[in-house]
Amino acid sequence: MDYLGYMLIGIIVLSLCAAFFTVADAYTRINDHGDFTEDSQAYMKDFDVLEQERGIDPSSIPSG
Amino acid sequence: MNIKCKNCGGILEFDPELQKMVCSHCLSMFPVAETEKKHTTVFDSSHFSQENNVADELMDVDIYTCESCGAELIINDVELASYCVYCGQPSIVFSRTEKRLRPQYIIPFKISKNQAGTAIREKFVKSEYLDKDDKFFAPELLRGIYIPYGMFCFHANDEAYIRGVPYMVNKKQNHFPQYYYRKVFARIGHIPVDASFHFPNRSADKLEPFSDQDLTEFDSGFLSGYYADLRDEDFNLLRSRAVSRAKKILTSRLLSIPMVEHPVLIKDNPQIKCVKEIYALLPVWFMVIEHKGEKYTIMVNGQTGKVVGTLPVSYKKIAFFFIMSFIACFLMISTLSLIAAFTGYFQIAFLAYALGSPLLLYEGIKKIRKYRRDKQLSTSETIKNFVKERQEY
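Quick note, the sequences are listed as chains A and B, same order. For the first sequence, the working numbering begins at 1 and goes up steadily by one. For the second sequence, the working numbering begins at 65 and goes up steadily by one.
In isolation and in its complexed conformation, chain A is listed as follows (with noise of 0.2 Å):
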């Protein structure tokens, strides 16, 4: 078998592959209930960043 029959093969495994992935996408956007972890966010209702620094030496972080 050339390469052309080699890429048929190709076409025909990676075509089958993105079909598979076009309907299983389809289907769960319709089902996606949304994001909890983002959706939880909306219980923060205030959040004050006392100190921040950047650029610390990582050896200088407490251990245990």
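Heads up, some of the hints might be wrong.
Using C-beta positions, here's what the derived DEER-type ranges look like [to be verified]:
no., chain 1, residue 1, chain 2, residue 2, range
1, B, Lys190, A, Tyr6, 35 to 45 Å
2, B, Tyr379, A, Gly55, 52 to 62 Å
3, A, Asp48, B, Lys380, 26 to 36 Å
4, A, Asp48, B, Met93, 43 to 53 Å
Here are the simulated EDC-like cross-link-like pairs (lysine to aspartate or glutamate), alpha carbons at most 16 Å apart as the crow flies [said to hold, decoys possible]:
no., chain 1, residue 1, chain 2, residue 2
5, B, Lys331, B, Asp222
6, B, Lys430, A, Asp25
7, B, Lys331, A, Asp25
8, B, Lys431, A, Asp25
9, A, Lys45, B, Asp276
10, B, Lys247, A, Glu51
11, B, Lys381, A, Asp25
Here are some chain B residues pointing at chain A (derived, C-beta under 8 Å) [what the hints assert, rightly or not]:
no., residue
12, Phe240
13, Gln242
14, Arg246
15, Ile252
16, Tyr379
17, Lys380
18, Phe384
19, Phe386
20, Ser389
21, Ser421
22, Gly428
23, Ile432
24, Tyr435
25, Arg436
Just so you know, these hints were derived from the structure itself, not from any lab. Every value quoted in this text rests on a predicted model; they were computed, and no experiment measured them. Glycine included, every Cβ here is placed at the ideal spot set by N, Cα and C.
Model the placement of chain B on the given structure of chain A, informed by the hints.
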């Protein structure tokens, strides 16, 4: 207990669109607080413990006899409001003589039955995989149920060390991770935790978020025209679930540092203190539909209108959609492959087959697994039994 119209003696029901009690007979309208409720001694404060602790607030509940037709009914031991199965009148039910906790707050239904039906219909119409005939359902199957929840407020202090990559506008610049220290204070408010043993927690989570803006002091008038359950889960258990959720919410917010990508929490020390806990009833519309012998439960958040539930599928439509997608993909990929072959870049085409096929297959399988998990939730016996009896009346 029935709540009766002052003008004609008909039964009053709570209308979510008007936020008033409406007489089904003469269409008179009354504010909820102004309606006369028989048996109000059931909720009289003298029946409650003087302590503020929610776990000590109790109420007496009576054996239920329908006031419209006199029928005596057997109801489940956590039901607070129901319909008489003989005459169909809505009733607030006090079953048995055991003591039950009194809800402190309620979020009254904001979404009417029609609005909930429309929300579900829109979801159904969007589904390419349903047969035309299956896209129609009877909105009268919808049942409004108040679900018992514990709601918790927390104050949280945390000191955290985070590793992240600073965001660079110039993408060619080297990205080295940096370490950050953050000390924060957060107020996390009214996290709802489902307090009904019979209602699956995962389903309850998916219905969220509920907004505390509509929390109102409990009034039995809001229950008229709906079903309602009392809580049957231990508050200590609910609190521990709420604490673990508060931790997740805090961590997720801690990691969102402006202009920092891929943050990883190295170490933190969260101190979370529960400052308030309440027992509330929250509104949910339910519907069980039957599709080819299998039953699916669809829910609508009675405050926001969010629809939760996995729809049934028509395998004929899936097969058709798959074949069409295959033909479209085949034509597109063949064209691209021929272009690659004629321009001497066929190695790129082979690389695309080798990498693209397993990746698409893997992502597709992940999505199908998610669908199966969601479907299990919608078709589970637990939730079906929770709604079924009420829908069959």
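Taking 8 Å as the limit, does the beta-carbon of Lys380(B) come near enough to a beta-carbon in chain A? 13 Å, violated
Hint check, Tyr379(B) versus chain A [nearest Cβ-Cβ separation less than 8 Å]: Violated. Min distance 11 Å.
For the hint on Gln242(B), just tell me whether its beta-carbon gets within less than 8 Å of chain A. Check passed: Cβ of Gln242(B) comes within 5 Å of chain A, closer than 8 Å.
Using the nearest Cβ pair, does Arg246(B) come within less than 8 Å of chain A? 5 Å, holds
Taking 52 to 62 Å as the stated bounds, is the beta-carbon spacing between Tyr379(B) and Gly55(A) within them? For Tyr379(B) and Gly55(A) the Cβ distance comes to about 57 Å; the hint holds.
Against chain A, is Phe384(B) within 8 Å by beta-carbon distance? With a minimum Cβ separation of about 10 Å from chain A (threshold 8 Å), the hint on Phe384(B) is violated.
Given the hint that Lys331(B) pairs with Asp222(B), test it: the Cα-Cα distance must not exceed 16 Å. Distance of about 10 Å is within 16 Å: holds.
So, as I understand it, the hint says Ile432(B) touches chain A; can you test that by seeing if any CB pair is closer than 8 Å? Ile432(B) check passes; min Cβ-Cβ to chain A is 5 Å, inside 8 Å.
Does the alpha-carbon distance linking Lys431(B) and Asp25(A) stay inside the 16 Å limit? Since the Cα atoms of Lys431(B) and Asp25(A) sit roughly 7 Å apart, the hinted pair holds (cutoff 16 Å).
Against chain A, run the beta carbon of Ser421(B) and see if the smallest gap drops under 8 Å. With a closest approach of 5 Å, the Ser421(B) hint holds.
Given Ser389(B) as an interface hint, is the shortest Cβ-Cβ distance to chain A below 8 Å? For Ser389(B), the interface hint holds, since the closest Cβ of chain A sits about 4 Å away, which is under 8 Å.
Quick one, is the Phe240(B) hint okay against chain A at 8 Å, beta carbons? Result: violated, 10 Å to nearest chain A Cβ.
In summary, the numbered hints that this structure violates are 3, 7, 12, 16, 17, 18 and 25.
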